[in-house]
Amino acid sequence: MTQEIHGTVADGFEAVREEFAAVVAAEPPDHESQLCAYVHGRRVVDLWTGDGADACSLYGVHSATKGAALLVVALLVQEGTLELDRRVTYYWPEFAAEGKGGLTLRELLAHRAGVIGTDTGFTTAELADDRVVAERLADQRPYWRPGTAFGYHALVLGALAGEVVRRATGRTLQEVYEERVRSPHRLDVHLGLPAPLDHRFRPVRPMVRTPVQRVAPVSPPDGPHSLAAIAFNRNAARPTDLATLPNEPAVRSRGPASVGGVASARGLAGLYAAAIGEREGRAPLLKPDTVAEFGQFHSVGYDLVVRTHRSYGLGFQATADTWHPFLGAGALGHSGAGGCQAFADPFSGLAYGYTRRRCAYPGGAAPENQRLVAAVHASALGS
Amino acid sequence: MTQEIHGTVADGFEAVREEFAAVVAAEPPDHESQLCAYVHGRRVVDLWTGDGADACSLYGVHSATKGAALLVVALLVQEGTLELDRRVTYYWPEFAAEGKGGLTLRELLAHRAGVIGTDTGFTTAELADDRVVAERLADQRPYWRPGTAFGYHALVLGALAGEVVRRATGRTLQEVYEERVRSPHRLDVHLGLPAPLDHRFRPVRPMVRTPVQRVAPVSPPDGPHSLAAIAFNRNAARPTDLATLPNEPAVRSRGPASVGGVASARGLAGLYAAAIGEREGRAPLLKPDTVAEFGQFHSVGYDLVVRTHRSYGLGFQATADTWHPFLGAGALGHSGAGGCQAFADPFSGLAYGYTRRRCAYPGGAAPENQRLVAAVHASALGS
Amino acid sequence: MTQEIHGTVADGFEAVREEFAAVVAAEPPDHESQLCAYVHGRRVVDLWTGDGADACSLYGVHSATKGAALLVVALLVQEGTLELDRRVTYYWPEFAAEGKGGLTLRELLAHRAGVIGTDTGFTTAELADDRVVAERLADQRPYWRPGTAFGYHALVLGALAGEVVRRATGRTLQEVYEERVRSPHRLDVHLGLPAPLDHRFRPVRPMVRTPVQRVAPVSPPDGPHSLAAIAFNRNAARPTDLATLPNEPAVRSRGPASVGGVASARGLAGLYAAAIGEREGRAPLLKPDTVAEFGQFHSVGYDLVVRTHRSYGLGFQATADTWHPFLGAGALGHSGAGGCQAFADPFSGLAYGYTRRRCAYPGGAAPENQRLVAAVHASALGS
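Quick note, the sequences are listed as chains A, B and C, same order. Just so you know, the first sequence maps onto residues 8 to 390 in the working numbering. Just so you know, the second sequence maps onto residues 8 to 390 in the working numbering. Just so you know, the third sequence maps onto residues 8 to 390 in the working numbering.
The reader is advised that the hints may include incorrect statements.
Said to hold, decoys possible - Taking CB as the label site, the calculated pair distances span:
1. Thr176/A <-> Ala22/C: 52 to 62 angstroms
2. Arg187/A <-> Arg221/B: 46 to 56 angstroms
3. Gly106/A <-> Tyr97/C: 15 to 25 angstroms
4. Thr131/B <-> Arg138/A: 56 to 66 angstroms
5. Leu388/A <-> Arg93/B: 40 to 50 angstroms
Unchecked claim - Chain B regions said to be covered by chain A (calculated; three or more residues, Cβ under 8 angstroms):
6. 141-154
7. 300-313
By construction, these hints were calculated from the structure, which means they are not laboratory data. The beta carbon of each residue, even a glycine, is placed where N, CA and C say it ideally should be.
Can you make the complete structure from the sequences, with help from the hints?
Written as structure tokens, this is what we have:
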């Protein structure tokens, strides 16, 4: 019995619906996912599937949260509240400890700070609170020479950026986000989910692996104090299960800016659509210059945490280089560990959001995004 | 029926003639190519094949053109007219736009500027005119942070360098090249082919792929606004066919310094021989120090355009690292998209030039160069 | 007939003995090797095998020598005699020649100087004398822009560091090492083996390859003037056989600081144990801050000499990234061409030393280290 596909696509995007249906048909019967896309501010794809799910269902989006957090930083840079080439210590003097005094905000955003975690790890309660995380990181010796190399600050980039925001504005990144981005643009991407909306949250389901996948190693055989372990808090006394982190009420309600966000595909696509262009009658959040600067390649090469090639703009993943080479240069976005993907491609005017409930194998943007993004992009170019 | 091999080799280079013949025998019957090599200023290999071709036939050499252009820059640096560690804006103030003000000439030459093309592409007429290209690039926002990463400036490196030359000397790069390099050294490498010589030009023939090659992707599946597309002008309203660009009379007659040159193998090998040593009684164009500095590795790692590992000196390809690891460190040269290859290896005193008429699969230095360079190098060491 | 395994392991490290025995059983009958490990200053593994060998046998350890040399530098940095961010020329003015004046000591240690050898190579007598090597390198033009890239300074890093030490202290690196490290800590790692101990030296046996290994290329087909050839002195009139270099009495007795050391596994493990913690009642040689700084990643990416990905701290190999990803971030050590391996993992308090007499295929840390380090590490975590 095939699973039902809900929602609509605009004329010219019928192929996307077919591709989405094909993806769903290949998944187990309890599959639950959402796909949404905008082209130049117009919603052209709005699909979902899953028993009990609808377009307003909210999912843990893990690191796609960083996209919302970075949008706040971009806004503040655009209006002059933050300056990229200032040292981090201009805003946050305590960050100077252990040889980090020379690092600029630009370098910090580009995953070059080297404080990917701490020697002893975090409790889950600590990870829920960006301010506590930032305080701990300020004291930490960086794991590489700040600025000279880069690695994915998986669980902490949002806390680092957030502390800079807080010092510069007197308000948390989450507060600025709510007031300036989420609320006025009515976006279902929450950095801190209000209790009245919690019933829309669909708890993350853990990855299910086939027998073959169970044998294949998901990650490199790194130890409990490797850079990867530190970055993913596997060096903590009680290691974090990143996959199910959004299921923790304390995490979900506070919305730590690295991995604590909760969103729908509509929300993710809407966020990027609102960032780069007019949407529902509201002016773009970012000017083209700001979008270009945040999407500009800043860190390119060997990622010391992921241990392979990566490319980042100012915190955003360089989505075209890392995931979808047919996209335009300057595409900027962020995927999440559970399988979601979200980005804007300024050249084609495309904004894309994809969520799924069960964590995808092998972690990171789910493989089906390759097909879905290609279908959306092809229809967008033809539209 | 085997194709005839013309020309001569010096004593001790008989194996090169055999290797050349073996290469030709494996090609289709309409194959047309030239091979020339110097060792310490003495021509030791001078071979060609092809119906209607001779040693004076001229071919489109695509990016091997850059070798001639960079030689001009090296000359001007050597005599103090240009200084590598000056900012580009010292010579060319308009280049400061969009955050490029800090870039040095050294970084520009090392493919670090980040203006690999423009958001909207070029017409073929524009591409033929380095001055127009330079004007457009001055206004362009770089695609990565200038200086911090690098990528192959495939169609524009010559225009960027050329504009610096023009501002510093009042003359175009092509004019300086003609007066100081080509004419006195009687080299058949033309940046702007004079009409009286046009009858020697043999139009480029497009690549012919086997059925298997036709299925295999030639390039990554990048989109019309990817970095690779921008760098190769595939984002233009009418995308450039780089392979047959030299067949355009406007391109051939102006000789844009990135890809518009027309040459014979004798010319290419002679150019590099003249650069590094005495040749036909004339003093070397460059001092050993200049050769060493231009061949010194400046950009090493992931090339954002080519999307793989590359190494460059000051604009020149680090031929030993990228193509022929048995060559000496400091070998400097440049291949062309149609399959030609040209370089100097200062350690062994070898200068090499290879041209072919039909574009080679899969693009870039043709595979047969591996065998030919190895044979020439082995004979040179034994000689 | 299985080979006898000698020595002891502490309770909880029985699995290491089994693994060592399994490794030995897979080797030819003349196999000779030693394995030693400390955890938090306590010797927990002390094994050896081989006819005529014992725990005090001494082997040529090739580049593992660099670990001892770098420990001297770290000591002098710790006490303020050397400053990492000073230019090398502050200590050694002649080093400024050929564009090296801007290089800092930090960059020099991180394999960024670019003087990996000389255009004409060294005699073996020269290689035995760090001061002669340093003098030659001071005059050499670097093979890449100093500081901007990196490559393994295989045969010369110790001479470069040693000259800085000599200029700053008036004493050779070898003298400082003997007085401050080797003698007080009674370590069998000798930079210059005294004649009375020479009877304990077991000459290196050359690599023996299987028929399959004989066909597979051991190294890339690089030429006599490639960067790799220069770095390994294969460009010399009489190329160095690195493998058997320690068999030369002049090398062994002078102990050049890059590759001339002679050691036992007890010595190597003891050296790293003494560096990071208390051992046999003596205070640690280095403070945790110094260990962390020298183990901090400084050069990450494409190594121009080795032609693949590498990671280095301040001269030390980043052992976790390059060899054993299950180790802690900040693990620092150095393997040797003949197959030995040695490192400290500050997080787990582990110090490891392994020697073998016959050069291992294919060169560098011998493959069996993968199994042995994993076994030691697992037992250490469980202990």
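Evaluated hints:
{"no.": "1", "hint": "Thr176/A <-> Ala22/C: 52 to 62 angstroms", "result": "holds, 56 angstroms"}
{"no.": "2", "hint": "Arg187/A <-> Arg221/B: 46 to 56 angstroms", "result": "holds, 53 angstroms"}
{"no.": "3", "hint": "Gly106/A <-> Tyr97/C: 15 to 25 angstroms", "result": "holds, 20 angstroms"}
{"no.": "4", "hint": "Thr131/B <-> Arg138/A: 56 to 66 angstroms", "result": "holds, 58 angstroms"}
{"no.": "5", "hint": "Leu388/A <-> Arg93/B: 40 to 50 angstroms", "result": "holds, 43 angstroms"}
{"no.": "6", "hint": "141-154", "result": "holds (count 5)"}
{"no.": "7", "hint": "300-313", "result": "holds (count 3)"}
Checked against the numbered hints given earlier, this structure breaks none of them.
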